[in-house]
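**Q** Read off the chains here:
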Amino acid sequence: MNTNNSPSAHVHRDDEAQKMGMWFFLFTELLLFGGLFLVYSIYRFKNPDAFAHGAKELNVVLGAINTIVLLTSSLTAALSITAIQKGQKKLALGLVLFTIFCALIFLVNKYFEWGHKFEIGIYPGSDLLRAIPRGEALFFVLYYFMTGLHAIHVIVGAIILGFMARYIQTGLINSDYYVLLENGALYWHLVDLIWIFLFPLLYLIH
Amino acid sequence: MGENVQHLSFLQDNGGKKGILAWITTTDHKRIGLLYFYSLTVFFLMGVVLGILMRLELMNPGKDLVEPQTYNSLFTLHGVIMIFLFVIPGIPAVFGNIALPLLLGARDVAFPKLNLLSWYLYILGALMALSTLLFGNAPDTGWTFYAPYSVRTGTNVTMAVLAAFILGFSSILTGLNFIVTIHRMRAPGMTWFRMPLFSWALYATAWIQLLATPVVGITLLMIAVERMLGIGLFDPSLGGDPILYQHLFWIYSHPAVYIMILPGMGVISEMIPVFARRRIFGYKAIAYSSLAIAFIGYFVWGHHMFTSGMSGPARVIFSLLTFLVAVPSAIKVFNWVATLYGGSIDLKPPLLYALGFIFLFLIGGLTGLVNGALAADVHIHDTYFVVGHFHYVMFGGTGFAFFAALHYWFPKVYGKMYNVKHATRAFWVLFTGFNILYFPMLVVGMMGMPRRYYDYLPQFHIPNLISTFGSWIVVSGLIYMIVVLIQGYRKGTPAGKNPWGGLTLDWQTDSPPITENFVELPIVTEGPYEYK
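Chains A and B, in that order, give the protein sequences. Heads up: the first sequence begins at 1 in the working numbering, then just goes up one per residue. Heads up: the second sequence begins at 1001 in the working numbering, then just goes up one per residue.
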């Protein structure tokens, strides 16, 4: 009797498929933001001066700090995979936690940045935004929409990494089975990648 | 154990859970397929009821039944329900789920839990969409949610677009699951060109689901955000561009048309060789044409906007591409007909529906070319000709393919055979009623009757009367079909493993299949339609 023939005893594991699925999911995320990038480029093309003027209002320093924070966090996410491959559980856990910490720094920065904009009356539907030229208002609307959607992805990414940290602790993720961590890190890299495009588009091009 | 082991069918095997829990927490692809099937049927029938109400209103000129505003909500919700809840998920979610792993010789899809999540998202989206019937004012924008009206109307558009967003997410996850399943789960020996053609169609469809849906997702999100925050992304009075909305919407929604029709074509490709007892003619041509349709389908969206403001060269290019996308569809039709030629044809209900599909799709496809021609489109844009055209494609095409698949895999899923004689009669009622319902729309559209009005000029009366009469025959046909199938489920004779004489792997396992499909994974040594 071979228990493998019994369907209920069948266990299916295919790391390659898991990673493939994650990559396909990332395609859809790219296209989701792709729609916004398209809208951004068309409105930028229509209102070049207003967009340039709007971009001057944004805080390049805060944006640059956040860029560095995210790039660093991507590095630590990638390092955590190498660590778990080598069986260094504690190091892997520390690196994942550091990545989550970076996500929090990013969000706190974002909070101050947005908070300041709200104070000076730049937020969707505000009187100021109704009064300024339409092109400039569109810039800020897109600024909030794009960075807002990105911030949601940061939060989701941090939650995913939180699960990864837990799984490393419980040993579900180990030196033999780490595709979950790879996928979690892939998602985090996407969050990073989107920001790499958002930063110059919104903050740097004048 | 060993050879004597009794394997439970998936219908009986509750996996140690009880009652409804054994269904709504299942990860078995066949059970999830049935969950989709039952919920889809309910929504389809709701859509039918809304459609019938519209036809009743249009029976005579002037107000017959409902207020103009109610009529606007009727065609909006009829569209939303039929498109997002029935036609788009339709064949992939039901028959893709049930048949794909069986056809590939796999135990399940690649991500069974994700598969169940897709169904939950589908139900969530459906409930959100249907809630607009009960709470607030039902949306009145048409299923396309064109800006700026969708931004300004006081009706419950926000809920409807968020519902469509969630439904899109469900569709993406199904597509993702199928692509990975096809890449990774094929039985030993099943090369790409030994795959049944339904899998090829699902593969092409899944790529569209994956790559096009996010664009409409973000677009609908923009509508929702615009409504909630009063910002001006598409509203021209706030600096937005309404034409941009149309572009973004159709960048998804035209490829989505191929999400709707490609799986139907796959179903037909599966049936024709089985009931003609003949090797399929042009296997590779059919497989590649699915990919070609999926690919070219991305670049034709502009043909929805010939009259809404686009440069001359852009219109010519979109028109040309529209004609090009018809070529692979025609390749399929020619190959089906060539397969039938010289075969020993067994005119069972599934084949009847398949032939009905070919006939109706031919009309739908060719009238599509009339719309795609620039000069003609200026005249027939927004008329009933367009309504007739897409009902021939969506209902006559996808709908009939859905019924074909239903009659084809019914004995496999339930292990019982319905009454073939009555099923055949139901087909003829449905087929006749269909043409009486929709053909007059093509005529009255050519005469100039615009779509989306609750009223019309007296000269359009006769065709509308005939059309409404046809809608009653269609409903009778549907009821007839459903009764025959329910009777088959309750009292049908045992169907056996392979009632149709199919050679694909789905027919080699039990009916109904056991949990995880095969006792031992099959080894494939030849193509799927090698009739000798």
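Heads up, a few of these hints could be off.
[Claimed, not checked] Listed below are the simulated SDA-like cross-link pairs for lysine to any residue, each with C-alpha atoms no more than 20 Å apart in a straight line:
1. K19/A to R1186/B
2. K1017/B to H206/A
3. K19/A to L1114/B
4. K1113/B to L93/A
5. K46/A to L1114/B
6. K1421/B to Y123/A
7. K1113/B to E16/A
8. K46/A to H1183/B
9. K46/A to I1024/B
10. K19/A to S1308/B
11. K1113/B to K46/A
12. K1113/B to I160/A
13. K19/A to L1065/B
14. K19/A to R1184/B
15. K46/A to A1314/B
16. K1113/B to F163/A
17. K1491/B to L180/A
18. K19/A to K1113/B
19. K46/A to P1236/B
20. K1497/B to I160/A
Don't read these hints as lab results, they were simulated from the structure. Bear in mind the structure is a predicted one, so any value in this text is a computation, not a measurement.
**Q** Please go over all the hints and tell whether each is borne out by the structure.
**A** Right, here's what the structure says about each hint:
1. K19/A to R1186/B: holds (17 Å)
2. K1017/B to H206/A: Roughly 62 Å separates the two Cα atoms, so the pair is violated.
3. K19/A to L1114/B: holds (14 Å)
4. K1113/B to L93/A: violated (27 Å)
5. K46/A to L1114/B: violated (42 Å)
6. K1421/B to Y123/A: violated (67 Å)
7. K1113/B to E16/A: The hint holds at about 17 Å.
8. K46/A to H1183/B: Violated. K46/A to H1183/B sits at ~44 Å, over the 20 Å cutoff.
9. K46/A to I1024/B: At roughly 51 Å apart (the allowed maximum being 20 Å), I1024/B and K46/A break the hint.
10. K19/A to S1308/B: violated (43 Å)
11. K1113/B to K46/A: Outside the cut-off at roughly 46 Å; violated.
12. K1113/B to I160/A: holds (17 Å)
13. K19/A to L1065/B: Not OK: K19/A and L1065/B at ~56 Å, beyond 20 Å, violated.
14. K19/A to R1184/B: Within the cut-off at roughly 11 Å; holds.
15. K46/A to A1314/B: holds (19 Å)
16. K1113/B to F163/A: holds (17 Å)
17. K1491/B to L180/A: violated (48 Å)
18. K19/A to K1113/B: Holds. K19/A to K1113/B sits at ~16 Å (cutoff 20 Å).
19. K46/A to P1236/B: holds (13 Å)
20. K1497/B to I160/A: Cα-Cα ~45 Å, so violated.
Violated hints, listed in ascending order, are 2, 4, 5, 6, 8, 9, 10, 11, 13, 17, 20; each of the other numbered hints is respected by the structure.
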